[in-house]
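Using the sequences and the accompanying hints, generate a full structural model.
Quick note, the sequences are listed as chains A and B, same order.
Our numbering puts the first residue of the first sequence at 1, with every later residue one more than the last.
Our numbering puts the first residue of the second sequence at 1, with every later residue one more than the last.
There's no promise every hint is true.
Stated by the list, open to error - Under 8 Å between C-beta atoms, here's a sample of chain B residues computed to sit facing chain A:
no.: 1; residue: M1
no.: 2; residue: D5
no.: 3; residue: L9
no.: 4; residue: L44
no.: 5; residue: A48
no.: 6; residue: W52
no.: 7; residue: R53
no.: 8; residue: V56
no.: 9; residue: P57
no.: 10; residue: A64
no.: 11; residue: L127
no.: 12; residue: V130
no.: 13; residue: V131
no.: 14; residue: I133
no.: 15; residue: E191
no.: 16; residue: L192
Keep in mind that the hints were calculated from the coordinates and are not lab data.
Just so it is clear, CB atoms sit at the ideal spot from N, CA and C, and this is done for glycine as well.
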Amino acid sequence: MEVSVSDDGQLVRGCLAGNADSLREFVQRFQAAVFGLCFRMLSHREDAEDVSQEVFLRALRNLSQWDSARPLAPWLLTIAVNRCRTCLAQRVRRALPAEFAEMVADPAARPPRLDLAEELQLAVDRLREEYRLCFVLYHVNELSLVEIAEITGSPPGTIKTWLRRARQELADHLQRRSIVPQVSYDLR
Amino acid sequence: MTCADFETLLDVQFAPAALREHPALAEHAAACPDCRIRWEKFRLLADAVVAWREQVPEVDLTTAVLAGLPSAAAAGTARGSRHAAATHLAEAAAVENPRPTVSAPALRAKSGLDRSRRALVVAAAALAAVVSIAVLTPAFRQASHQANSIVLVPATGAPVQHDGVRQPHRLMARSDAVRTGVPSSYSGLAELAVGAWDEVSMLVRPEAVDPHSPRPAPGSRSTDGWIDGLQDQLKPIGRGLDNAFDFLWQAGQSGDG
Numbered sequence: 001m002e003v004s005v006s007d008d009g010q011l012v013r014g015c016l017a018g019n020a021d022s023l024r025e026f027v028q029r030f031q032a033a034v035f036g037l038c039f040r041m042l043s044h045r046e047d048a049e050d051v052s053q054e055v056f057l058r059a060l061r062n063l064s065q066w067d068s069a070r071p072l073a074p075w076l077l078t079i080a081v082n083r084c085r086t087c088l089a090q091r092v093r094r095a096l097p098a099e100f101a102e103m104v105a106d107p108a109a110r111p112p113r114l115d116l117a118e119e120l121q122l123a124v125d126r127l128r129e130e131y132r133l134c135f136v137l138y139h140v141n142e143l144s145l146v147e148i149a150e151i152t153g154s155p156p157g158t159i160k161t162w163l164r165r166a167r168q169e170l171a172d173h174l175q176r177r178s179i180v181p182q183v184s185y186d187l188r
Numbered sequence: 001m002t003c004a005d006f007e008t009l010l011d012v013q014f015a016p017a018a019l020r021e022h023p024a025l026a027e028h029a030a031a032c033p034d035c036r037i038r039w040e041k042f043r044l045l046a047d048a049v050v051a052w053r054e055q056v057p058e059v060d061l062t063t064a065v066l067a068g069l070p071s072a073a074a075a076g077t078a079r080g081s082r083h084a085a086a087t088h089l090a091e092a093a094a095v096e097n098p099r100p101t102v103s104a105p106a107l108r109a110k111s112g113l114d115r116s117r118r119a120l121v122v123a124a125a126a127l128a129a130v131v132s133i134a135v136l137t138p139a140f141r142q143a144s145h146q147a148n149s150i151v152l153v154p155a156t157g158a159p160v161q162h163d164g165v166r167q168p169h170r171l172m173a174r175s176d177a178v179r180t181g182v183p184s185s186y187s188g189l190a191e192l193a194v195g196a197w198d199e200v201s202m203l204v205r206p207e208a209v210d211p212h213s214p215r216p217a218p219g220s221r222s223t224d225g226w227i228d229g230l231q232d233q234l235k236p237i238g239r240g241l242d243n244a245f246d247f248l249w250q251a252g253q254s255g256d257g
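Structure, rendered in structure tokens:
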């Protein structure tokens, strides 16, 4: 996703002109970043696909509002973050599916042992929304603290704090679940 | 390196690759038991993050997005958007994808709107019925201290006959003001309630010019004409209430109730 602003501007001009190749390039260039964010925030593939599609449609509809002096990816990810938040809010208002309702009804029931990545996703799902968003943007989208601050509208210092707390909670979760490292470390 | 330095560096340098290759952190962790615990915990997290990042499935949204562009452009036009690009996008996408699709969230939102609209009409109608009964029935106009002055009297004003001949009755109060009112039977109240319902429906759904138009076909989304059917359904209920009070009145007069 290392694309210069001038490349972004050229791409956007092509999209605004209705060039089908530019449209296809626009989606293909950013779909991994947008879908990765949505998938990790929502933990549901079909929801992530729906939201990602909606993000691109909204972005293309409002493409003329993009500030050409700034990179395109953060602007697009800002839309994605807002759509993910909306989707999560709607999910809270909806009834829980039966399989999740059973888990909620019995909090003592521990989910079965998962592999390392699944355990981490389980822990990420339990993070506060702000912590989860910072963690995903930092580790999946590889954005800097300043970029995350711009997207979320929070100060960089706050982002740094949220990120540290997210890591701490995730590490504690893995330790509680007695996850064994897959490799042995040489601590020298 | 102190433990505080270790903590700071651990936070700053937390990137899966960088963490593993940072010799100063590893050196301090090897010498400090407390920091070693934190070090191992975060090394585990770093490994988990690496595996977690690799598990994002690959998708190709190009077809779905291009297919959805006409509806997006149409929405932009309907809102008075000044972005001519939307029209360009729609035309370009329509040529490539002649079959537009609607996303699942859009469908859910649309059906939710219809449900809420229907619920609003029903709620308003029910409220109108209750208000009509409360306003038009003299018994409901009584203050709480006058509640014991409510009696059942024959609608005709004639005494009740005990020879098994039923006469319609109604609730009525002793006060002259109420006695001079023209209370109707319960079937009549039902008709008044339906009339009020009719007026409210015109307010809630101004596009429904004639609510007494023929009942819509099954499956149709239009609710025009449902008033008539409802009135037919409410009339028997009102007659049933008349009969019930008639029976209670006679039972009370005979002393066996």
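Hints versus structure:
For B:M1, the interface hint is violated, since its Cβ never comes within 8 Å of a Cβ in chain A; the closest pair sits about 13 Å apart. Hint on B:D5 is violated. Least Cβ distance to chain A is approximately 16 Å, over the 8 Å limit. Taking 8 Å as the C-beta cut-off, the interface hint given for B:L9 is violated, the closest approach to chain A being about 13 Å. Checking B:L44 against chain A by beta carbon gives a least distance of about 5 Å; that is within 8 Å, so the hint holds.
Proximity of B:A48 to chain A holds as hinted, the smallest CB-CB distance being about 4 Å (cut-off 8 Å). Nearest Cβ of chain A to the Cβ of B:W52: about 4 Å, under the 8 Å cut. The hint holds. Checking B:R53 against chain A by beta carbon gives a least distance of about 6 Å; that is within 8 Å, so the hint holds. Using the Cβ-Cβ criterion of 8 Å, the hint placing B:V56 at the interface with chain A is satisfied: the shortest such distance is roughly 5 Å.
Evaluation of the B:P57 hint against chain A yields a held restraint, the C-beta minimum of about 6 Å falling below 8 Å. With 8 Å as the threshold, the beta carbon of B:A64 comes within range of chain A, its nearest partner Cβ sitting at about 5 Å, so the hint holds. Checking B:L127 against chain A: minimum C-beta separation of about 25 Å lies over 8 Å; hint violated. The beta carbon of B:V130 is not positioned within 8 Å of any beta carbon in chain A (closest approach about 29 Å), and the interface hint is therefore violated.
Because the smallest distance between the Cβ of B:V131 and any Cβ of chain A comes to about 31 Å, over 8 Å, the interface hint for this residue is violated. Violation of the interface hint for B:I133 is found here, the shortest Cβ-Cβ separation to chain A being roughly 35 Å, above the 8 Å cut-off. Hint status for B:E191: violated, given a least beta-carbon distance of 40 Å to chain A, over 8 Å. Taking 8 Å as the C-beta contact cut-off toward chain A, the hint placing B:L192 at the interface is violated, the least distance being around 39 Å.
Violated hints, in rising order: 1, 2, 3, 11, 12, 13, 14, 15 and 16; the structure is consistent with all others.
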